[in-house]
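Spelled out from the first residue to the last, the chains are:
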Amino acid sequence: MGTFGYLAGGFAVALQPINLLIALLGSFIGTVVGMLPGLGPINGVAILMPLAFALKLPPETALILLAAVYIGCEYGGRISSILVNVPGDAGAIMTALDGYPMARKGLAGVALSISAWSSFVGSVFATMGLALFAPILANWALAFGPAEYFALIVFAIACLAGMVGDQPVKTLLAALIGLSLATVGVDANSGVYRFTFDNVHLADGIQFIVVVIGFFSVSEILLMLEQVLRGDPPVKNTGRMMFNMREAAYTWWGTVRSSVVGFVIGVLPGAGATIASAVTYMMEKRLTDKEGTFGEGDIRGVAAPEAANNASAAGSFVPMLTLGVPGSGTTAVMMGALTLYNITPGPMLFQHHPNVVWGLIASMFIANFILLIMNIPMIRLFVRMLNVPNALLVPGIAAVSVVGVYGLHSTTFDLVLTVALGIFGYGLRKMEFPMAPLILGFVLGELMEQNLRRALSITNGELGILFESNISRGLWVLAVGMLIVPPIIRALRRRRKAGATGSAA
Amino acid sequence: MSDRIFGLIWLAVSITIGALAWRIHAPFSYEPVGPRAFPLLLAALMAACSVWLMLRPGPPVRWPNRATFKRIVAMFVMLLAYALVFQWLGFMLATALLTIGIGRLFGGSWKLCVAGGVGMGISFYVLFDRLLDVVLPVGTLFK
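Residue numbers (numbering that gives the first Met the number 0), protein chains in the order written: chain H, 0 to 504; chain D, 0 to 142.
Hint data in this document are derived by calculation from the structure and do not stem from the laboratory. Where a beta carbon is used, it is the ideal one built from N, C-alpha and C, also for glycine. Keep in mind that a hint or two might mislead.
What follows is a list of derived Cβ distance ranges for each label pair [what the hints assert, rightly or not]:
#1 8(D) <-> 476(H): 33 to 41 Å
#2 379(H) <-> 70(D): 30 to 38 Å
#3 492(H) <-> 73(D): 38 to 46 Å
#4 294(H) <-> 73(D): 51 to 59 Å
#5 60(D) <-> 495(H): 44 to 52 Å
#6 60(D) <-> 486(H): 52 to 60 Å
#7 69(D) <-> 245(H): 54 to 62 Å
#8 55(H) <-> 70(D): 49 to 57 Å
Looking from chain D toward chain H, a few residues come up when the C-beta cut is under 8 Å (computed) [stated by the list, open to error]:
#9 31
#10 89
#11 92
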């Protein structure tokens, strides 16, 4: 049975009424969460993940919900970028550059519809890429032993350190904090309790849901308190709602190029929607902007980054599903969700749980059609939701988060620990520690330690095995490269900028 | 400055973790690497990062001003109180109170906050506990 056979099976899963309903719901919630400034895909996925678990949704349905929310967020972010000049999430920053000027020119409707269209194209392209390449990569990864896995995890963390933020040491420290949090609890191999302080609630380790809600919901609402991000007044006159064929043709190749680039960037660990949209915007500017209209409301500058951030979202599923090593915070949360169901993502996933993988991929196609419909004819409904006051929104987020945590074990201890981790996360985020590596470390902590110990068991403690195979050697080289090269590039760029003052402003 | 202070604190935390990890002892072990090595490795790496942070701190952190800071503390206290009284007051009452408190912090009017609080407390309870089968506390106070 080839890819198409599996995909057909996936559609059989995705078209079950409950899964269709969940995809619809997830797309809607995702669009709203993405649109609200301050809340991005990781918050949406983090807040809904415990709920999916508390509702006892089957694993494929839970994953469909989270994926629909994720994709929906990438669609939703553009709405506030275009209408109020405040990106709804990090992936939509570039969209504001040309989207808002377009809206000011009375073309808000066109900007919204063309960006929904390019989001759709990007996402569908990338989902096809996922369906085609993931099985191949999974097959190849079957050959991975514990030493290769250990090197792969180090590589994933190094990628984050190299690409996320300007301060690699903080990214690294964040990842280490996440890894350390994962060591709490009983050690599976020896039965020894580690860092539990004789507290029975910690014997099982710190609950994944507690960590996720603490760092991505509680700390987020604390940050929202100090937000004074007041955007420009929403553009009222949206003008013509639908783009015409000329505009579609004008943006088509840029959209396709950006989709491909976005997908590739999404697959790489560490780089995500933010980098994908920035890279493609600059690429399109360089390739096609002969008149210098980018930044003044050029429709191509709206289409390209939207195609890219959606494509990268779908691409980021590739390493999570095939290798079991997520490359971003959002997919790390999803992987954690799967492990709550005792499903270990990785190469075996395609053989042991084809209904989960292919149901997910099929649902991503379906969610894109739902989102296209939601985001062009029904766009006014979402625009109205931009007016929900924070005084109601924030308590709502808090209550939903608590329901998810409480649904786990029904203990006050979990709730208090969540709040404590939330204030800790707030402090870390104020000091510009990125949260994605922390959650990645927490999700991968046990896997990393187990693979290290397993590898060293094979050689009876000889460290050489970690560097024995070509795959692991390659990964080590890449990991070191990821740590060294980006800071050098940044330093070079800074020097060049200092040299050519004002010419590129 | 914040980075240096955090570096110092985290260095102390790392050393504590290292010391605690050192005492981990497996009575039976079938493998060359026991439960102690990985936490020790992490503690050492964290200590190194902390020292690095103290020596080469990043740009200064923009902490909130005094007024915002008070609101942050208020929010933290409210969330903590919410967590602590959640089972005692029950979901509906605790959530209503939390909504009113947070709503006021975000500048909502009394009318909006009280209406929102009561509405949210009841509707979420019905939605999650009754319709979706997530068990929420009624409140030991009322039993």
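Hints versus structure:
no., hint, verdict
1, 8(D) <-> 476(H): 33 to 41 Å, "35 Å, holds"
2, 379(H) <-> 70(D): 30 to 38 Å, "34 Å, holds"
3, 492(H) <-> 73(D): 38 to 46 Å, "43 Å, holds"
4, 294(H) <-> 73(D): 51 to 59 Å, "42 Å, violated"
5, 60(D) <-> 495(H): 44 to 52 Å, "28 Å, violated"
6, 60(D) <-> 486(H): 52 to 60 Å, "21 Å, violated"
7, 69(D) <-> 245(H): 54 to 62 Å, "56 Å, holds"
8, 55(H) <-> 70(D): 49 to 57 Å, "37 Å, violated"
9, 31, "3 Å, holds"
10, 89, "12 Å, violated"
11, 92, "12 Å, violated"
Checked against the numbered hints given earlier, the structure breaks hints 4, 5, 6, 8, 10 and 11 and satisfies all the rest.
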